[in-house]
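There are 2 protein chains.
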Amino acid sequence: MTRLVWCLLSIGLLCLGAVAVACSSTSSPSHSDRERQKAELMRVDAEFSRAAQARGAGEAFAAYAAENATMMPVGEHPAVGRAAIRKEFEGLPAEATLTWKPFAADVAASGDFGYTLGDYEYRAPGPDGKMATHYGKYCTVWKKQADGRWKWVVDIGNASPAPK
Amino acid sequence: MTRLVWCLLSIGLLCLGAVAVACSSTSSPSHSDRERQKAELMRVDAEFSRAAQARGAGEAFAAYAAENATMMPVGEHPAVGRAAIRKEFEGLPAEATLTWKPFAADVAASGDFGYTLGDYEYRAPGPDGKMATHYGKYCTVWKKQADGRWKWVVDIGNASPAPK
Numbered sequence: 001m002t003r004l005v006w007c008l009l010s011i012g013l014l015c016l017g018a019v020a021v022a023c024s025s026t027s028s029p030s031h032s033d034r035e036r037q038k039a040e041l042m043r044v045d046a047e048f049s050r051a052a053q054a055r056g057a058g059e060a061f062a063a064y065a066a067e068n069a070t071m072m073p074v075g076e077h078p079a080v081g082r083a084a085i086r087k088e089f090e091g092l093p094a095e096a097t098l099t100w101k102p103f104a105a106d107v108a109a110s111g112d113f114g115y116t117l118g119d120y121e122y123r124a125p126g127p128d129g130k131m132a133t134h135y136g137k138y139c140t141v142w143k144k145q146a147d148g149r150w151k152w153v154v155d156i157g158n159a160s161p162a163p164k
Numbered sequence: 001m002t003r004l005v006w007c008l009l010s011i012g013l014l015c016l017g018a019v020a021v022a023c024s025s026t027s028s029p030s031h032s033d034r035e036r037q038k039a040e041l042m043r044v045d046a047e048f049s050r051a052a053q054a055r056g057a058g059e060a061f062a063a064y065a066a067e068n069a070t071m072m073p074v075g076e077h078p079a080v081g082r083a084a085i086r087k088e089f090e091g092l093p094a095e096a097t098l099t100w101k102p103f104a105a106d107v108a109a110s111g112d113f114g115y116t117l118g119d120y121e122y123r124a125p126g127p128d129g130k131m132a133t134h135y136g137k138y139c140t141v142w143k144k145q146a147d148g149r150w151k152w153v154v155d156i157g158n159a160s161p162a163p164k
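As you go down the protein sequences, you meet chains A and B in turn.
Using this note's numbering, the letters of the first sequence map in sequence onto residues 1 to 164.
Using this note's numbering, the letters of the second sequence map in sequence onto residues 1 to 164.
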């Protein structure tokens, strides 16, 4: 009987340990896990900018958008969903380019939610026909999708002074 | 012996159940939990706007900011930290008011991270001395602090058309 009690006690302790390990690994990632996730989100955002160069900003914004993503364009009402987002880029001059680079990122403890902050450059012909550069900054909120890929859910930016 | 095997098996299954319940409750909140957290974040954001009326926008933005929060003001470089954030509001006319109202919110599965989207109105005297209203929208990213209170970590907005 004493042996059974010890056996049960040991199993109980092992189970408590398993609960602790399982939960800490899913809800509170280690410091290095979180740093890895931030770096991953910075990489995805930089890849998103390269996609905008390769395929055009409208296609890239639609491809990287989650279902019902909300774009908040300067001077306009929010555009919700891929079709409305793609439309935001229609009518831009063919020579126009939009490039950006993230300078910060953070992710939730659950690793399913995060944001990137960055600087953008929008180049387009001015009224005199010469290319002009407009500088700005942005915040993009990201959610990890069921397939494990990060897609953006909110994108908003505004003007910045020209860099010194 | 058979009794012992059954006993161990039952304990094992109970433990697996405990792991599953414990983990789902910390890393994947139920649908109603998440809805409750979203509603809570909307309430905190609305309370933040009321604080801006009562104590002035500069004081409210500093009080609701997390350590090293990043404010991204239109036409300016980011302001990082409470002192820099407070400074952003200095020199505004005494009659100026900033009010806002969130229209959407979402939170991470871990409940420690979220955002609100909303519309703001900034009222200040125009060049003719008459009060003029400027409309805009914003995204505020929030992080739950160690004491369980939500504080903002990123705030960015831009102009919107006047509501119809």
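Be a bit skeptical, because a hint or two may be false.
Think about it this way: if two alpha-carbon atoms lie no more than 30 angstroms apart in a straight line, the pair counts; the simulated DSBU-like pairs of lysine-lysine are [what the hints assert, rightly or not]:
| id | chain 1 | residue 1 | chain 2 | residue 2 |
| --- | --- | --- | --- | --- |
| 1 | A | Lys-164 | B | Lys-164 |
| 2 | B | Lys-38 | A | Lys-151 |
| 3 | A | Lys-87 | B | Lys-101 |
| 4 | B | Lys-164 | A | Lys-101 |
| 5 | B | Lys-130 | A | Lys-151 |
| 6 | B | Lys-101 | A | Lys-164 |
| 7 | B | Lys-164 | B | Lys-101 |
| 8 | A | Lys-143 | B | Lys-130 |
| 9 | B | Lys-38 | A | Lys-38 |
| 10 | A | Lys-87 | A | Lys-143 |
Pulled a few chain B residues facing chain A out of the computed Cβ check, cut under 7 angstroms [as the list claims (entries may be wrong)]:
| id | residue |
| --- | --- |
| 11 | Val-74 |
| 12 | Phe-89 |
| 13 | Ile-156 |
Some chain A residues well away from chain B (every beta-carbon gap over 12 angstroms; in silico) [what the hints assert, rightly or not]:
| id | residue |
| --- | --- |
| 14 | Ser-32 |
| 15 | Ala-39 |
| 16 | Gly-58 |
| 17 | Arg-86 |
| 18 | Pro-93 |
| 19 | Ala-96 |
| 20 | Ser-110 |
| 21 | Thr-133 |
| 22 | Lys-137 |
| 23 | Lys-143 |
| 24 | Ala-159 |
| 25 | Ser-160 |
| 26 | Lys-164 |
Source of the hints: derived by calculation from the structure; they are not laboratory data.
A virtual CB, placed ideally from N, CA and C, is assigned to each residue, including glycine.
These are the hints, each one checked on the structure:
no., hint, verdict
1, Lys-164(A) to Lys-164(B), "40 angstroms, violated"
2, Lys-38(B) to Lys-151(A), "20 angstroms, holds"
3, Lys-87(A) to Lys-101(B), "27 angstroms, holds"
4, Lys-164(B) to Lys-101(A), "36 angstroms, violated"
5, Lys-130(B) to Lys-151(A), "45 angstroms, violated"
6, Lys-101(B) to Lys-164(A), "36 angstroms, violated"
7, Lys-164(B) to Lys-101(B), "17 angstroms, holds"
8, Lys-143(A) to Lys-130(B), "44 angstroms, violated"
9, Lys-38(B) to Lys-38(A), "24 angstroms, holds"
10, Lys-87(A) to Lys-143(A), "23 angstroms, holds"
11, Val-74, "5 angstroms, holds"
12, Phe-89, "17 angstroms, violated"
13, Ile-156, "5 angstroms, holds"
14, Ser-32, "17 angstroms, holds"
15, Ala-39, "17 angstroms, holds"
16, Gly-58, "19 angstroms, holds"
17, Arg-86, "20 angstroms, holds"
18, Pro-93, "21 angstroms, holds"
19, Ala-96, "19 angstroms, holds"
20, Ser-110, "3 angstroms, violated"
21, Thr-133, "15 angstroms, holds"
22, Lys-137, "5 angstroms, violated"
23, Lys-143, "8 angstroms, violated"
24, Ala-159, "5 angstroms, violated"
25, Ser-160, "6 angstroms, violated"
26, Lys-164, "10 angstroms, violated"
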